[in-house]
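Asker: The chain contents come next:
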Amino acid sequence: MFRTRPDHRPETVQVYVEGRALMVPEGSSAAAAILIAGLPAIRETAVSGSPRLPWCMMGVCFDCLAEIDGVANRQACMVPVAAGMRIARQHGAREPQR
Amino acid sequence: MVIGGGLVGSAIAWGLRREGLSVVLLDEGDAAYRASRGNFGLVWVQSKGLGAPWYQRWTRQSAESWAQLADDLTKQTGQSLHLAQLGGVHLCLSDQEMKDREARMQQMKREAGNYGFEYRMLDAREAREMLPGLGSAVVGASFTPYDGHVSPLALLRSLHHGFTALGGVYLPNVKITGIATAPRNFLLETNLGTIQAERAVLAAGLGNAALASHFGLKAPVRPQRGQVLVTERTRAALPMPTTTIRQTGEGSIMLGDSVEEVGFDTRQTQPVMAEIAHRAALCFPWIGKLNVVRAWSALRVMSPDGLPIYDQSETLPGAYTANCHSGVTLAAAHGKLLAPMIARGALDPFLAPFSAERF
Amino acid sequence: MSLVPVSTPQAPRKFDLAIVGAGPAGMAAAITARDCGLSVLVVDENPAPGGQVFRAAELAGTDPALARDMAPGLDLIARFRALDITYRPGATLWMLDPDMGTLSLSRLNETLEFVADRILLTTGAQERPMPIPGWTLPGVMSAGAAQIALKTAGMVPSGRVVLAGQGPLMWLLANQLIRAGVLPVLVETRTQPILRTALEQGGIFSGLAQLTKGIGLILKARQSGMRVITGAKHLRAEGSSRVQTLRFEGGFEPCDTLLLHEGVIPSTHISMAIGLEHVWDARQFCWRPKLDVFGASSHTRIAVAGDGAVIGGWEAAVATGQLAALDAAFRLGRLAGADRDFRAEASADALLQARALRPFLDALYAPSQEILAPPEESTIICRCEEVTAGSLRWAAAIGATGPNQAKAYLRCGMGPCQGRLCGPTVAAVIAEIRGVAVEEVGHFRPRAPYKPITVQELAGAQHGADRIS
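Chains as they are written, first to last, in the working numbering: chain A, 1 to 98; chain B, 1 to 359; chain C, 1 to 469.
Looking at chain A on its own, in the form it has when it is part of the complex:
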């Protein structure tokens, strides 16, 4: 649960989090967008299915793995948002795309 401060960061970018349009501050990462959207989890782990949200936001922990623009297991905290970006949760291990 995070909130933005539009008074101080007025520039925004529109992205889609779980299909829902959302305006997020310029400079946000995809992981930040998920926090702003208030999702209960960014993924469920491949090991036990337990819910996770980002832990470190700086590329160390890999807890923020998400599907971005159709590509699974991307480190969402290291991906800056771009207009129209589609960010989705992951549920367990990724599906191989054959």
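Treat each hint with caution, since some may be false.
What the hints assert, rightly or not - Result set (EDC-like, lysine to aspartate or glutamate): computed pairs, CA atoms no more than 20 angstroms apart in a straight line:
1) K14(C) x E110(C)
2) K14(C) x D84(C)
3) K175(B) x E439(C)
4) K220(C) x D69(C)
5) K175(B) x E440(C)
6) K14(C) x D35(C)
Simulated from the structure, these hints should not be mistaken for lab results.
Since this is a predicted model, take the numbers as computed values, not measurements.
Please build the complex by placing chains B and C on the supplied structure of chain A, with the hints as guidance.
Answerer: Positioned in the frame of chain A, the structure of chains B and C alone reads:
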């Protein structure tokens, strides 16, 4: 005493303990070369022992005993080894590779004699039916029903755990400082104290080369580097392993494995990693999209002809040596066949061709 | 199947000096190296220069919550931006061959390769893991993570916010959150008394400016009405699908967001992967590369500067970056030894000044054993593979003498983070069970790729993509 706590030594030590011997397993520390930690994890029959039917037979015997080994260990430790023996394939990327492969399979069958060797050559269509997502570059494959795969790390852990649970003594971080030998009486000076035993089994991998002569044995083994890539976990996608690609019980895809003669150099090299990745993506284009999360290089323990070496010392009876690069495939043979022979005091005559005297 | 084009084979571009990381150390090194006439490549994983301390400073510089903290970075960034160098932001180094001087990078699905005569690692710090029960629950984050969210997006946690742990960053973050309109509660795990520690460790006078700033942050936060609970022990995050309560011995705090922090340690993932010699830092409870005064490592081509060399803060990072760049110029024959030493004096003085307060801070915020090696069996140590403290203790007892064998037994460190986060804890728990020092237990041996890259990217490093169809 068993010297070497990798897959070979651990399987023998576990087997000896099951025979009722009191056993101490001596191991190195955390940063050992430890081929067992770099293993690819195949229980593989289909190309083992070409031109050496005794090796083909030994490998087959091990593969046939594997289910029992896994069952024993799981009962003992509660840990699954993720063993699956539903057969395996070797993928061919050209007509020439296909032709060569068929010739090899024919020879394996010929050499198997009455023991029999089942195989099938699959054309591209058959192979694609068996392995969804196969790339268009694959022209065919060979299949044998004997092959399978297992988690080599779960195996190592279960052997250590099982051995200890049976009352075996596992001693890591051992440094040998002195060796004194007499027939059926072996004494090691180590940093942890003196260790004495009636039997000594040398299973120290590449370390055997230097140890063997102290025990009236020969172990002319050399390192051979292999590099492996591992992807992130995915949902079940590969029904059976290929010679170089398998999906683990956890879901990650392992891509292997190179054969490099570079001495004791365990560095990774980008061209080899790229080649492994390239070939894997040719075989299964969907693998190209997966992330490689880990990669490593490790050293195989190779004899001059690539076959295992098993011996009992003639001058110092009671001293044995076991050397091979197939610590996983042969784990069942080592634990359930070789260990009882050592406990009885003599290697069975059918192991004679594996003596280092052949070199 | 459609394909992203990958690089076509060509000879990689060569530089005098390649710098990995565009934080204070990397930027300062680039400035000094250019000044010495070296050709410079800077690669950085982030989209903009600044490192973590000045992360997104160009965006955050006008944010009243951050402006004063970002100001010194803006100047450095402006000077860095003006340099005639090759700067590749958003690029991830996934393999470094120190013998050949080759850097393999991944950037927007493209594999890049460069070669350099000298390579300087300025990969910075990461937060020490703080594995308390429940730390994987959604709503629990590192304090650094919340600060990055504030810097990059101006966003703040809503609802009840609790900071738990210790370290200078806690007070800085508390002030920044307060300026941004959030009043957190601070649950401090500090056990060392301030005054006595200061008297014992010294550095108070030479580090007076830093000390004054630190005390100012503490006073300001308290004046703003921030509640502070000190000496908290046995922390645990509780909640069903999300954190709801921070519980500790003798109390609890309800929370919607829990931010944990126990100081920072050098990011040694790459320096260990390339086999540099490391030493155990008993004051900061971490490994760091073994370096000379100029930052030169055990490998003749490689130097390390900034917090990745030893934790010292951004001013120390700038100084060590300058020193490493001068040494690079010397080793490349562009600067005489005497000139290097003369020019190094100012940086060496600044370094001394910047590090004056460090012994005090290290002693004051020394992590407790329960943070280094969590006592509760069910506490997750490896977040990726969900390996618990209990299973690690079991593995150590049956014969895992070090992290690499524990990894083989349990898979801890085998997930996508490759042991970055669990490494220190795994070693500490094994050390505790074996009754030996952590340095004797050793550390993970990281391998390339240092970060996950696709099989296709890896293949593309040698083959044109057209061959994969």
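Asker: Checking against the hints above, which ones are violated?
Answerer: none
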